[in-house]
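Novice: Listed here are the chains, written in short residue letters.
Protein chains: 2
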Amino acid sequence: MKIAIHINGGRPDSWLAALPEALRAAGLGADVSVWAPGDAQADFAISWSPSPAFMAEQAAGLQALFSVGAGVDHILGVPGLPDSLPIIRVEDAGMGAQMAHYVSWAALRHLYGFDTLQAAQRERRWTSRLFAEADRCTVGVLGMGVLGEQVAATLDGLGFAVRGFSRSARDPQAYIPGVQHMDASHGLDAFLDGLNMLVLLAPLTRETQDLITLAVLRRTARPSYLINVARGALVVDSDLLAALDEGTLAGATLDVFRTEPLPESHPFWTHPKITVTPHISAKTVVSTSATQIAGKIAALTRGEAVSGVVDRSRGY
Amino acid sequence: MKIAIHINGGRPDSWLAALPEALRAAGLGADVSVWAPGDAQADFAISWSPSPAFMAEQAAGLQALFSVGAGVDHILGVPGLPDSLPIIRVEDAGMGAQMAHYVSWAALRHLYGFDTLQAAQRERRWTSRLFAEADRCTVGVLGMGVLGEQVAATLDGLGFAVRGFSRSARDPQAYIPGVQHMDASHGLDAFLDGLNMLVLLAPLTRETQDLITLAVLRRTARPSYLINVARGALVVDSDLLAALDEGTLAGATLDVFRTEPLPESHPFWTHPKITVTPHISAKTVVSTSATQIAGKIAALTRGEAVSGVVDRSRGY
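First to last, the sequence lines map onto chains A and B.
The opening residue of the first sequence carries number 1372 in the numbering used here; numbering runs sequentially from there.
The opening residue of the second sequence carries number 1372 in the numbering used here; numbering runs sequentially from there.
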């Protein structure tokens, strides 16, 4: 069995170190190597943002293409992707906990005004904070997949009032206790109504691209707070700035952007109400992910079905 | 019944507004007023940092003295306090949740290096973060009272490895799942051994004053992180600075200080590894606390025992 690693624009080292071991543990012998043009056909590939050249040479002969991240928009948009090639995402593998921590940090910072206190320290100013009650702060998580559910459960554990939204319905009897779930049948407006914080965790698809406009943000409580840990293209940048300027938003913590790295001239960098972090809210835990991928390769070679396969019609 | 409010150095307004209502709800009619010298003897008093003059005029005739905070060191040290006067602290009343949020914010900030990321934003620098795993980060909570237990449970819920220490033993079968409890029989060194973060939540007593020395900090993992939400006098300031300078501590988030407000010339204000906040980690929720105090006054007048009475020999 031949497995190609193709982390376009990133470093393959840790995968090259972890994957052979994980495959051995799954009972598989395999030739694992970093893909180079002209290489022999691989059976499976592990990739981030595959190049058109890789697609042209390898895609048609692959049994499955694994994304090293939870999102797969970096794969689905690449020319030359065969319709029949299964795309398989990493499911959680430690990312949910990190993302829950990132969102908790951002939410607590905003709720208690901790940034203002840290700014006061820089002026040696003994001040106070506003009275804050998490249970009166309603946080909406847009996108209740594996990661969204973990974020929602963690915010619920911290005492926030939590609401989740996804396209499809959930069984309210079997759902996360304390978290209210809404779906397309309720409508997005019902979800947005009264939100004090909006957390974006939806996949980037044709439906979600440019979803977060000024009109959408105006549906939340005024002023609300935006946290984006999904994809930059969910948000219309100029509308976000307008929402901050008109007081619809009190601020935003953004981990993802339309162009990454965020260009030096982009107004988000210096906006006093925007916190910018460099797409770090959830780093792929390579060891855990390699074990998960090796297990799925073993299952596929036995002809079994695996979870995490992308539905091309939904785009995630 | 006469009740005196005496918030020395603070504002009594919210207590004056909330307490009569809470007493009515508890079935008690009472004359509630802010104490002034020469006032008639009160039956109960609600106080922060009572003055010696108040003690001289009122203490001997009180049935009980209520602290408006969880700590009571601001009362026990005041001259003229009769040995027999019951001192009753506020128990939780919404403070535990706030403190758990404060400590979570500080712990996540340190674990993920979020302050470094915010500093990078000020330079428009797209950078990265260190790999962080909460379950490999052991946090010790020194002082497992009502507040300490809530902090420990919340950190456990976030995935940290949590250890608690208090003077007296707990039943391990009936304790917070996931939290390891240690007491005097294990010894403080066993508790400190391998700690990546140390959270101070102990009351200020003769035993805990100046407890946190350089020698104690050196017992933790190197480098560890200190979070103090208890009382400033638990820590020897110069030893904390020495621990930072020698690399025993990577940093500290401090909400409490020996002198408050922290004097403008104090080195903590400008130390690059110290975060200073102005004693805000848990604000007394007056409405909830007033209800709790009114309920206890009602119980005491019926001759019943109440919880939260300070043990003078322990000092808390």
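Think of the hints as simulated: they come from the structure by calculation, not from any bench.
Just so we're clear, the structure is a prediction, and the values are computed from it rather than from any experiment.
Take these hints with a grain of salt, some might be off.
Said to hold, decoys possible - Among the chain B residues that face chain A by a calculated CB cut under 8 Å, a handful are: (1) Ala1430; (2) Leu1433; (3) Arg1495; (4) Trp1497; (5) Ala1505; (6) Tyr1546; (7) Ile1547; (8) Leu1559; (9) Val1677.
Just so you know, even glycine gets a beta-carbon here, dropped at the ideal spot from N, CA and C.
Novice: Does each hint hold? Answer for all of them.
Specialist: Hint check:
1. Ala1430: 30 Å, violated
2. Leu1433: Cβ of Leu1433 (chain B) sits 30 Å from chain A, so the hint is violated.
3. Arg1495: 4 Å, holds
4. Trp1497: Holds - the Cβ of Trp1497 (chain B) comes within 8 Å of chain A, reaching about 4 Å at its closest.
5. Ala1505: 7 Å, holds
6. Tyr1546: 18 Å, violated
7. Ile1547: Violated. Min distance 13 Å.
8. Leu1559: Since the shortest Cβ distance to chain A is 29 Å, the answer is violated.
9. Val1677: Hint violated; Val1677 (chain B) Cβ to chain A Cβ min 26 Å, cut 8 Å.
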